[in-house]
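Trainee: Throw the hints in and build the complete structure from the sequences for me.
Line by line, the protein sequences are chains U and V.
For the first sequence, my numbering gives the first residue as 1, with consecutive numbering after it.
For the second sequence, my numbering gives the first residue as 1, with consecutive numbering after it.
Heads up, incomplete: computed chain V residues facing chain U, CB under 8 Å, no partners named: (1) 152; (2) 206; (3) 241.
Because the hints were derived from the structure by calculation, they are not lab data.
For glycine and all other residues, C-beta sits at the position ideal for the given N, C-alpha and C.
Number of protein chains: 2
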Amino acid sequence: MAAAEAAEVAQRLARIRVVLINTTHPGNIGATARAMKVMGLSSLHLVTPKIYPHAEATARASGADDLLQRAQLHESLESALAGCGLVLGTSARLRTLPLPLLDARRAAGQALVESAQHEVALLFGRERYGLTNEEMQRCHFLVNIPSNPEYSSLNIAQAVQIMAYELRIAAQGFADIELAPPDWQPVDDVQMERLFEHLEQTLLDIRFLNPRQPKRLLARLRRLFNRARPDQNEINILRGILKATQDAARHSEET
Amino acid sequence: MAAAEAAEVAQRLARIRVVLINTTHPGNIGATARAMKVMGLSSLHLVTPKIYPHAEATARASGADDLLQRAQLHESLESALAGCGLVLGTSARLRTLPLPLLDARRAAGQALVESAQHEVALLFGRERYGLTNEEMQRCHFLVNIPSNPEYSSLNIAQAVQIMAYELRIAAQGFADIELAPPDWQPVDDVQMERLFEHLEQTLLDIRFLNPRQPKRLLARLRRLFNRARPDQNEINILRGILKATQDAARHSEET
Numbered sequence: 001m002a003a004a005e006a007a008e009v010a011q012r013l014a015r016i017r018v019v020l021i022n023t024t025h026p027g028n029i030g031a032t033a034r035a036m037k038v039m040g041l042s043s044l045h046l047v048t049p050k051i052y053p054h055a056e057a058t059a060r061a062s063g064a065d066d067l068l069q070r071a072q073l074h075e076s077l078e079s080a081l082a083g084c085g086l087v088l089g090t091s092a093r094l095r096t097l098p099l100p101l102l103d104a105r106r107a108a109g110q111a112l113v114e115s116a117q118h119e120v121a122l123l124f125g126r127e128r129y130g131l132t133n134e135e136m137q138r139c140h141f142l143v144n145i146p147s148n149p150e151y152s153s154l155n156i157a158q159a160v161q162i163m164a165y166e167l168r169i170a171a172q173g174f175a176d177i178e179l180a181p182p183d184w185q186p187v188d189d190v191q192m193e194r195l196f197e198h199l200e201q202t203l204l205d206i207r208f209l210n211p212r213q214p215k216r217l218l219a220r221l222r223r224l225f226n227r228a229r230p231d232q233n234e235i236n237i238l239r240g241i242l243k244a245t246q247d248a249a250r251h252s253e254e255t
Numbered sequence: 001m002a003a004a005e006a007a008e009v010a011q012r013l014a015r016i017r018v019v020l021i022n023t024t025h026p027g028n029i030g031a032t033a034r035a036m037k038v039m040g041l042s043s044l045h046l047v048t049p050k051i052y053p054h055a056e057a058t059a060r061a062s063g064a065d066d067l068l069q070r071a072q073l074h075e076s077l078e079s080a081l082a083g084c085g086l087v088l089g090t091s092a093r094l095r096t097l098p099l100p101l102l103d104a105r106r107a108a109g110q111a112l113v114e115s116a117q118h119e120v121a122l123l124f125g126r127e128r129y130g131l132t133n134e135e136m137q138r139c140h141f142l143v144n145i146p147s148n149p150e151y152s153s154l155n156i157a158q159a160v161q162i163m164a165y166e167l168r169i170a171a172q173g174f175a176d177i178e179l180a181p182p183d184w185q186p187v188d189d190v191q192m193e194r195l196f197e198h199l200e201q202t203l204l205d206i207r208f209l210n211p212r213q214p215k216r217l218l219a220r221l222r223r224l225f226n227r228a229r230p231d232q233n234e235i236n237i238l239r240g241i242l243k244a245t246q247d248a249a250r251h252s253e254e255t
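Mentor: This is the structure in structure tokens:
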């Protein structure tokens, strides 16, 4: 692979971050770093790992311990996702709150397309329990790695390896074409969270939401708006509508 | 995946054997078994492994130790390849002995096509040194797994995982799909039009919309909600919110 081509592939992959949540075994963190580096990924984020740093992580990282050195530790998932415009969650178990599902290859393609505009996060959950419902609600898509229905227990590092491999293939496939920038740029997670907070408060103000049981409805709305992938303009419109709604309701209460 | 489909995939993969030559670390043999089973491969052959059997192999195999039980041990590569009509060798280092080279995806396709006629062997060499020239001469093709030119050191189990994954994808015959969540069925255009009419009226009621120039904003909102593809449940929620908003605003006007 020519040097210029390699540099371009590296650039496309630079904005894709791997986020491990609450990992139990430090060896899996090291193996993840190795799986990433061998495919050209470099941005590792750890949300409250159980035991880290640890010699086992360094051992399993092999020549990829530079990725471990640069790995960012976070106290919350929110922190780890800051600035990400696309969030993909990997999960073996398809839960009761269904999200649009992409297989690994398609997900990699989606990630590469969007990495031109904003950071992309790939979430991996706990070894045994995967991602919680709350964590999945932060995702735009779930990623399914096809596996043996009789034994589908992919180790975290193996799942990372497969995704990293698909990402590299996708990046190489893009290496000699230029994608026209689309006119649509979805906002990042911070903007979305502010929208959801504003939405929740507004729904309380107009007495649509039962303050003791808000979660299910909010989860549905969250899913709807995540599917819509609003851009900044649309966010501004939606928040303008919410504000006008709050004003109308408040005026009602003051009189 | 339906049972009949799963059985067909399993059948296609049954004639593909993974051959590990002279493996140094028993843990890699266990991890290989796991990587194989999770993708539906089952035929493992070991040519003079350094240390085997070993507790480390069983530990890393996790729930795939049945593959270890059934693994065949050989004194020579010739024995391990008996009956194989196609032999693919994986090697990070491309040696001086030129062989036709396939990337992992194409190699998997080739293996699947030929597995209908005869056994196929996938060779993996030693951790440090890969395959010898003599061993490569037994191969019809070399397989290259694309990797970071600056750090291409794929662990054996990781290489097996990627090949097994590509084989499964090839066996399944489909790779590039997006699955809508099973309970999600977008409403038809009649429902959407009613939503937009209700939305427009509500925006007028809360004085958010300029009645003389509503079109541009409504067009933006229409685009947003069309992108979201709401189902009936979500339509009901949205219209419930609109109604509650109208009630809150009307109450304001009556007092």
